[in-house]
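J.: Listed here are the chains, written in short residue letters.
There are 2 protein chains.
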Amino acid sequence: MSGFNQLLLGGGLKQSIVDDINSNKDTVQRITDYVQKGQGKHQAYERLANFTDFWGPRISGSKVLEDSITDMMNILRSENLDNVDGEPVKVPDWRRGTEWATMVSPREQDFEILALGSSVGTQNETGGTLEAEIIVVTSFEELESMNDADVLGKIVVFNQGWDGYGHGKPYRDLGASAAAKKGAAAALIQSVADFTLYTPHTGQQVYQDNTAQIPVACITIEDAEFLNRMSHRGPVKLQLHMEAVTYPEKDSYNIIAEIIGSEYPDQVVVIGAHIDSWDVGMGVMDDGGGVFITLQAMTILKRLGLTPKRTLRLVLWTAEEEGLIGAKAYFEAHKNESDNFVIVMESDGGTFTPRGIGFSGTDDARMMIEAVMKLLSDFTQGTGVGESGSSPDTGEWEAIGVPVGNLWNANENYFYYHHTHADSMTMMDADVLDLCTIVWTSAAYVFANTDQRIPREGESIGGTTALVPNCISITLAFCLMILLKSRHDL
Amino acid sequence: MSGFNQLLLGGGLKQSIVDDINSNKDTVQRITDYVQKGQGKHQAYERLANFTDFWGPRISGSKVLEDSITDMMNILRSENLDNVDGEPVKVPDWRRGTEWATMVSPREQDFEILALGSSVGTQNETGGTLEAEIIVVTSFEELESMNDADVLGKIVVFNQGWDGYGHGKPYRDLGASAAAKKGAAAALIQSVADFTLYTPHTGQQVYQDNTAQIPVACITIEDAEFLNRMSHRGPVKLQLHMEAVTYPEKDSYNIIAEIIGSEYPDQVVVIGAHIDSWDVGMGVMDDGGGVFITLQAMTILKRLGLTPKRTLRLVLWTAEEEGLIGAKAYFEAHKNESDNFVIVMESDGGTFTPRGIGFSGTDDARMMIEAVMKLLSDFTQGTGVGESGSSPDTGEWEAIGVPVGNLWNANENYFYYHHTHADSMTMMDADVLDLCTIVWTSAAYVFANTDQRIPREGESIGGTTALVPNCISITLAFCLMILLKSRHDL
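Going line by line, the protein sequences match chains A and B.
This note's numbering puts the first residue of the first sequence at 1, with every later residue one more than the last.
This note's numbering puts the first residue of the second sequence at 1, with every later residue one more than the last.
Worth double-checking, as some hints may not be accurate.
Same chains, same label: a pair holds when it works inside one copy or across any pair of copies.
[To be verified] Here are the computed lysine to aspartate or glutamate pairs in the EDC-like style, where the Cα-Cα straight-line distance is at most 20 angstroms:
hint: 1; residue 1: 169; residue 2: 457
hint: 2; residue 1: 182; residue 2: 150
hint: 3; residue 1: 63; residue 2: 110
hint: 4; residue 1: 335; residue 2: 93
hint: 5; residue 1: 37; residue 2: 258
hint: 6; residue 1: 328; residue 2: 66
hint: 7; residue 1: 37; residue 2: 332
hint: 8; residue 1: 25; residue 2: 332
hint: 9; residue 1: 309; residue 2: 337
hint: 10; residue 1: 63; residue 2: 108
hint: 11; residue 1: 182; residue 2: 337
hint: 12; residue 1: 250; residue 2: 110
hint: 13; residue 1: 37; residue 2: 396
hint: 14; residue 1: 90; residue 2: 251
hint: 15; residue 1: 328; residue 2: 79
Because the hints were derived from the structure by calculation, they are not lab data.
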């Protein structure tokens with residue numbers, strides 16, 4: 001919405017809605033006091049450390065993930081939450097196994113690799129080790145322009161550089177299939193990151209149909225650039241050993257827990273995160289922080305005896321990393337209830353210093369979110385509402401028009417840690433996690449507690465359709481422009 | 001020197017010295033043009049990449065180090081430098097071999113280690129692998145305060161945090177011996193770094209006399225903090241496997257090359273760096289950058305036909321990392337010539353954006369260096385002269401009163417890369433390396449070309465002893481203070 005419209009609308013919300021939102025001010029203060037001065041201080045951090053240190057990485061298909069899910073359900077039950085349950089999901093069981101790579105000519109140099117999720121291994125090669133020359137490309141276009149004969153049997157190294165995650169992710173996702181189509185034996189992908197200290201970044205890759213499945217791993221920025229320089233000087237030969245295997249699917253669970261609403265129990269505000277992680281690092285940033293501010297939101301409200309008018313539902317999705325498996329299952333199981341889903345929020349973009357809540361929905365809904373976030377202006381930035389509320393596990397809800405939200409935070413360094421061994425408690429700050437907890441808990445509570453539910457496309461707000469104030473504002477603006485113009489003409 | 005003294009001295013240098021220094025202005029411009037507009041553009045970067053990519057890490061005692069030394073001498077000869085030579089040095093041959101660590105209880109978790117230089121391995125343990133409980137301390141004092149019985153047979157983990165390199169280095173140097181004195185079986189040291197992305201930092205350690213030699217390795221900040229948290233919850237047991245071995249000393253060489261001075265050939269300005277590196281990373285920052293700006297300094301002057309009045313000598317010390325071995329040998333071999341050493345400069349603190357030349361010497365000498373650096377004000381900061389000119393390989397010269405210098409540069413992120421796999425070409429910038437080359441080459445040339453040689457303690461400057469202007473300035477200041485005081489009293 002433009003500043004001009006905002007000015008004319010004066011916020012646009014009916015005073016009764018504003019008053020209703022503002023009636024939550026004391027509750028937000030209670031939540032804040034509990035987190036900053038009460039038992040809640042550093043509780044998110046302590047719980048996150050206990051959980052991630054105890055379990056370690058929680059990859060889809062592993063016993064550790066399932067044990068950690070059981071542990072989490074026990075925690076939720078011990079907090080006396082309602083309807084704690086695990087909804088069954090079949091999840092992939094891919095394991096990287098032992099893996100190594102070495103340059104064998106023109107000289108010997110070992111280097112770090114991390115197989116990408118769902119990659120096949122090099123089991124079919126002699127001795128289980130692939131030896132081949134490399135060919136380095138900086139883009140799909142460069143690969144496409146090559147003769148198949150020049151790529152045949154080689155290891156394609158993608159040295160695509162960094163121009164944002166959206167630029168790099170397609171290479172991680174599809175680099176193997178693109179290389180296989182040209183006859184390559186394997187692919188190595190520069191880690192999708194803006195900065196590494198020789199830190200490889202794993203992630204999921206997707207084999208395309210009717211294309212050979214070749215081994216694919218990520219390498220560090222340092223080695224991608226090194227191999228690029230080396231290949232411009234002469235032939236470079238690598239050995240690649242990857243014991244990656246995909247086993248039959250395993251049983252897993254999306255975790256559910258609720259605080260049943262006092263007035264509109266059928267209407268649901270969903271807050272969540274994903275419980276699984278990659279098998280490197282401890283899954284602290286991705287997505288332990290999201291899991292634990294969500295757990296805190298539920299337990300703080302429960303412990304403070306704060307029951308919103310609508311139902312607040314925690315969902316901890318399983319197997320996000322390997323294809324949003326839990327999220328898809330959850331959507332299929334609950335899409336027939338979508339009319340009752342007021343907003344679906346996930347925190348999976350880091351828990352750095354909070355800026356507010358990211359939101360995707362109508363302009364009228366955004367006005368309402370902004371009014372809520374004014375209650376939290378001590379902990380937010382600007383309007384307290386970020387441009388986009390999109391998040392991996394809420395994508396299907398967003399696609400059918402359900403409002404979605406996320407934790408908007410200062411995550412400029414997110415890709416330092418993403419899918420790496422550096423995703424550990426060291427990068428997490430206890431005070432900052434408390435700030436995130438305050439924002440996440442308060443926003444969730446108020447979204448679930450307003451008499452006016454957050455509108456979606458075509459819905460009226462507070463009994464007045466959203467179009468009406470917009471029409472008034474546009475008419476007023478038009479009149480004002482004419483008035484100003486005529487005065488200038490004098 | 002205080003601002004007050006500077007004011008009174010008005011620069012302090014005799015006009016003839018200033019004029020002589022300023023007569024080098026055109027030469028500095030020729031050097032600058034060659035590097036920024038001529039054949040020298042990005043030459044340091046290209047040569048550094050070719051060298052470090054081709055050879056890789058160059059650890060003391062390795063064939064690679066010796067081959068790279070031969071290669072470097074051939075480069076120096078091909079540039080027609082004078083007196084290219086290798087001065088023999090016996091150097092340590094320590095190899096880390098295979099190494100790994102894993103937490104075996106309360107759960108399994110592999111983690112990264114890097115044995116510290118000169119560490120013994122775990123060969124004497126059952127199956128070559130040590131298994132023991134850990135005890136975590138944050139300081140030597142905490143370790144000292146413990147009962148020996150509580151440390152006996154354990155792995156002492158030092159989680160000393162970061163409070164500057166000077167704070168952490170003693171733990172890396174002496175942690176093993178401190179732990180051994182309390183009966184520990186091994187020691188793990190938090191990497192001496194301000195920031196890691198799960199990047200361990202190796203380095204040299206020193207066993208103390210009459211103390212058991214126990215295996216010692218560094219671990220990441222992430223794991224030091226992890227083990228600290230874990231140990232506060234209950235017993236933690238690790239397995240440590242280190243095949244580190246020290247072999248008999250090997251032959252190595254300090255590399256020498258000169259441009260013989262046109263007027264005072266016996267007087268020498270030494271510029272240098274160390275050619276060896278650790279066995280992790282490519283030895284690009286530590287100390288490839290220093291090596292190649294020094295090489296550039298010599299070759300640029302030679303190619304431009306610029307012969308200073310004094311001799312300019314390149315020294316590339318060997319085996320710096322494992323105890324300044326080359327530097328000590330060079331000092332022993334040449335200390336009887338110390339009267340002729342005008343200044344000894346090493347670049348071993350990074351080649352980030354230059355700020356000028358760091359300098360340690362008398363105030364009078366500093367005045368002279370500042371006058372030289374005014375010629376380079378486009379590429380420097382403030383006076384262009386940093387507070388300290390100390391550097392590892394020049395320490396013995398500094399101790400006997402020879403003026404020392406280094407490349408003063410914006411190396412705030414030096415400890416991101418120091419002694420890690422991330423010490424690669426990725427962290428180096430071609431344009432920035434050109435700026436360093438300009439500063440290093442120009443400073444070295446002018447220091448070698450002034451009629452007045454850089455004075456040392458007790459030496460006169462320009463025919464007037466250094467004490468005289470200082471006496472005058474102090475007397476003047478005293479008179480001024482009395483005058484001002486008496487006016488105030490009126």
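J.: Now look at each hint and say whether the structure bears it out.
T.: Verification of the hints:
1. Taking CA atoms no more than 20 angstroms apart as the test, residue 169 paired with residue 457 passes in neither setting, with 31 angstroms inside one copy and 61 angstroms between copies.
2. Within a single copy, residue 182 and residue 150 get their C-alpha atoms as close as 9 angstroms, which meets the 20 angstroms cut-off; across copies the closest is 62 angstroms, which misses it.
3. In this assembly of identical chains, residue 63 and residue 110 lie within 20 angstroms of each other by CA distance solely across copies; the values are 17 angstroms between and 32 angstroms within a copy.
4. Neither within a single protomer nor between protomers do residue 335 and residue 93 lie at most 20 angstroms apart by alpha-carbon distance, with minima of 26 angstroms and 67 angstroms respectively.
5. With identical chains, the CA atoms of residue 37 and residue 258 are never at most 20 angstroms apart, being 26 angstroms at best within one copy and 68 angstroms at best between copies.
6. Proximity of residue 328 and residue 66 under a CA criterion of 20 angstroms is satisfied intra-copy only: 18 angstroms inside one chain copy versus 59 angstroms between copies.
7. In this assembly of identical chains, the alpha carbons of residue 37 and residue 332 never lie at most 20 angstroms apart, being 42 angstroms within a copy and 64 angstroms across copies at closest.
8. Taking the shortest alpha-carbon separations for residue 25 and residue 332, neither the intra-copy value of 37 angstroms nor the inter-copy value of 76 angstroms comes in at or below 20 angstroms.
9. For the identical chains of this complex, residue 309 and residue 337 are intra-copy neighbours only, at 18 angstroms inside a copy versus 88 angstroms across copies, given an alpha-carbon limit of 20 angstroms.
10. Only between protomers do residue 63 and residue 108 lie at most 20 angstroms apart by alpha-carbon distance; the minimum there is 13 angstroms, versus 38 angstroms within a single protomer.
11. Taking the shortest Cα distances, residue 182 and residue 337 never come within 20 angstroms of each other, neither inside one copy (46 angstroms) nor across copies (66 angstroms).
12. Taking identical chains as interchangeable, the C-alpha atoms of residue 250 and residue 110 are never at most 20 angstroms apart, the minima being 35 angstroms within one chain and 24 angstroms between chains.
13. For a Cα distance limit of 20 angstroms, the shortest separation of residue 37 from residue 396 qualifies neither inside one copy, at 39 angstroms, nor across copies, at 56 angstroms.
14. In this homomeric assembly, residue 90 and residue 251 come within 20 angstroms of each other (Cα to Cα) only inside a single copy, at 5 angstroms, whereas the closest approach across copies is 62 angstroms.
15. For the homomeric pair residue 328 and residue 79, neither the shortest alpha-carbon distance inside one copy (28 angstroms) nor that between copies (66 angstroms) is at most 20 angstroms.
In this structure, the earlier hints numbered 1, 4, 5, 7, 8, 11, 12, 13 and 15 are contradicted, and the remaining ones agree with it.
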